[in-house]
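Asker: Take the sequences, apply the hints, and build the full model.
What follows is each chain in one-letter form.
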Amino acid sequence: MTSRIPLSKGGSVRLFTEPPTGFDPLSADDRELAVYGFPRRPSEDPRLMERWKTALSRPLRIIRPRFRPRDRVRLGVPKLSRIGDLAIPNPIWSGVAVIAPAGDSFSWIEGTWIVPNAYPPGNATNGLWYTASTWVGIDDMYPLQAGCDSDVLAQGSSLHRELNVWWEWVPGGSCYISNLPVAQGDTVSCLICAEGGTPPTGTVFLHNITSGLAAPFAVNMIPGIQWSGNTAEWIVEQISNDGDPAVLARYGETYFDGAIAGTVQHQVIDAGSGEIIQLVGANNNVISTATIETPTLVQVKYTGP
Amino acid sequence: MKTHTLDGNVKVRTFVPPPPDFDPLSANQSDLLKHGFPAVPESREQRELYKRLFQQMKGRFRYIEPTFGKPNKNRGGQYRFDKRRKKLSGVQAGNEYSNIWSGGVVYSPSGSGIRWVTGAWTIPNVSAPPEDGDYYASIWIGIDGDDISSDVIQAGVNCDVSRSHGAQSKPTFSLWWEWYQDEPNEDTGQVPITKIPPPSPGDLLAVTICTQGPGSTEALVFFANVTQAIGTSFLAPAQPGVALVGNCAEWIVERPRVNGSASTLADYGQVFFSSCAAAAYASDAAIEIVDSGSGNYINMVQYGDDALISQGILVAPTVVECVYVGGQ
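Chains A and B supply the protein sequences, listed in that same order.
Just so you know, the first sequence maps onto residues 2 to 306 in my numbering.
Just so you know, the second sequence maps onto residues 6 to 333 in my numbering.
I should point out that these hints are in silico values taken from the structure, not numbers from a laboratory.
For each residue, glycine too, the CB sits at the ideal point set by N, CA and C.
Mixed in with the good hints there might be a few duds.
What the hints assert, rightly or not - Just some of the chain B residues that point at chain A, by a computed CB distance under 7 Å:
| id | residue |
| --- | --- |
| 1 | T127 |
| 2 | L209 |
| 3 | T232 |
As the list claims (entries may be wrong) - Stretches of chain B that chain A covers, calculated by requiring three or more beta carbons in the stretch to come under 8 Å of a beta carbon on chain A:
| id | stretch |
| --- | --- |
| 4 | 128-135 |
| 5 | 269-282 |
| 6 | 315-329 |
Claimed, not checked - Within a straight-line C-alpha distance of at most 25 Å, the following computed SDA-like cross-link-like pairs (lysine to any residue) qualify:
| id | chain 1 | residue 1 | chain 2 | residue 2 |
| --- | --- | --- | --- | --- |
| 7 | A | K54 | B | P134 |
| 8 | B | K63 | A | P182 |
| 9 | B | K175 | A | K54 |
| 10 | B | K200 | A | Q156 |
| 11 | A | K54 | B | L313 |
Answerer: Written as structure tokens, this is what we have:
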């Protein structure tokens, strides 16, 4: 049975039927995959097919996600545009974004990454939460995005940590997925498919590769938004907690692997062809930046104060 | 310097810790050596890596004087008896297969010997495969151990997890070093590094091993937990009669020898070794930096049926990727 959950700011989530025990996505037909919320078989592209097989060959247990509100404040959403060969400076994001060719838009994005541990930055205030949020998403103005918050708070000499999985379709509310545990150092993978329309719809397939749990769901966006799907991005973001000014947690580095996106007109676009986004501080100092290692591998690294 | 004499007469030397405000980027060479920091390298590429490492921790770095646990005879490297090189027909040149190692290896250019190796990686969390049992992943960098050398100076992290009656234990993580020697010497086993706070999964760990090149009987091992901004170092001795060959350097995820035989690999997801480089010195003092990208892949395969357990990929010039596949 599928079920629909209304969201507080409008829009809704649809959950998929849990597959029967012993269900094998590799031998299932396309209809069964759709019913149970699995990513569809990308038979049109051998490279994508290879990745699809690898991801679904690992131990995998599908769960029905449960959601709770995520009270995090985003300091606006950056509008990305090319500035020649230079990295794009940004006050909250670091990573790589690809920009859709004229007349086309993104319909899916994929990435696999190791969730970093978080430490307070050098100038940390006692008792405040600091976050490094790792995620993938489509669109820069109204991103449909999903990933993990690595949070840390220093209280005297002891550190407290939280690690939560979340998704958001801006400007709808942000939700934690409360029954998909992720720990520091886990390898997670996320596939997001989205299409425009009235309202725009998307599906999110979040998979903790280390634990073998995956939580698929579908989203209907808030009605009335002109969603364009103009960008696809692999990001480490600083998040403002409880309204305090956002400061990125020290997170070391992470790699987004299998970083590819696809367009409505069936173009596959590698992250490596995209733009580097640097998170810069008030003095234009670079706090976090990305390196394109291969067409489908992006390193994002803390370089901060 | 202090000498720690461990079981098996292993003598490890440690350094005078630096003062709290010590900045390796501006310190002079003799202070670096005195306090156990790698000397500022001679080549530009090496200096870049060196700067990148310490800049990330600038103003916060805390040096911790290490102590050592008992060398663990039941846990350690393994080499010739089950390490083999094999090229399969139809597989591209440069692939190696091993029953215990996966990752990347580089060889010293002809007429030179490797002195120095470095690499960093985010420590992965590990999970236990479905069957009850004990699972291990040792993630390390080292010099020697492939082709003509039968020793390995290696340093890294153990990631252990087990499953009992279906329930998974909490994984544990610990730092160690070992200068492995194939027969005739008895293997000392891994030496645990204690006192330094244990690493957590998700932490970025950087390791540098410096030697005087072929013939060295001591190696400077420098550990930095970059995200915790702490580090430690010491001089690790080779066993009596053993000296560095310097023919190869490697970045490896291994299923270690436990109680005499190869263990079962823990599911570590994937690991990226970044900033991978080794330095080879020729006898005329010319230095050549060997990127990991110029070396060989090593895939870990099962005994007997060659089923792939863990894949090594030289993904970019200075990045080695390892991916857990399973198949055990």
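Asker: Each hint needs a verdict: does it hold in this structure or not?
Answerer: Hints and how they fare:
1. T127: Status holds, d = 5 Å.
2. L209: With a minimum Cβ separation of about 3 Å from chain A (threshold 7 Å), the hint on L209/B holds.
3. T232: With Cβ-Cβ at 4 Å, under 7 Å, it holds.
4. 128-135: holds (count 7)
5. 269-282: Holds, because 7 residues of the stretch 269-282 of chain B bring their Cβ atoms closer than 8 Å to Cβ atoms of chain A.
6. 315-329: holds (count 4)
7. K54/A with P134/B: holds (19 Å)
8. K63/B with P182/A: Distance of about 34 Å is beyond 25 Å: violated.
9. K175/B with K54/A: With a Cα-Cα distance of about 30 Å, the restraint between K175/B and K54/A is violated, given a limit of 25 Å.
10. K200/B with Q156/A: holds (23 Å)
11. K54/A with L313/B: Holds: K54/A and L313/B sit about 16 Å apart, inside 25 Å.
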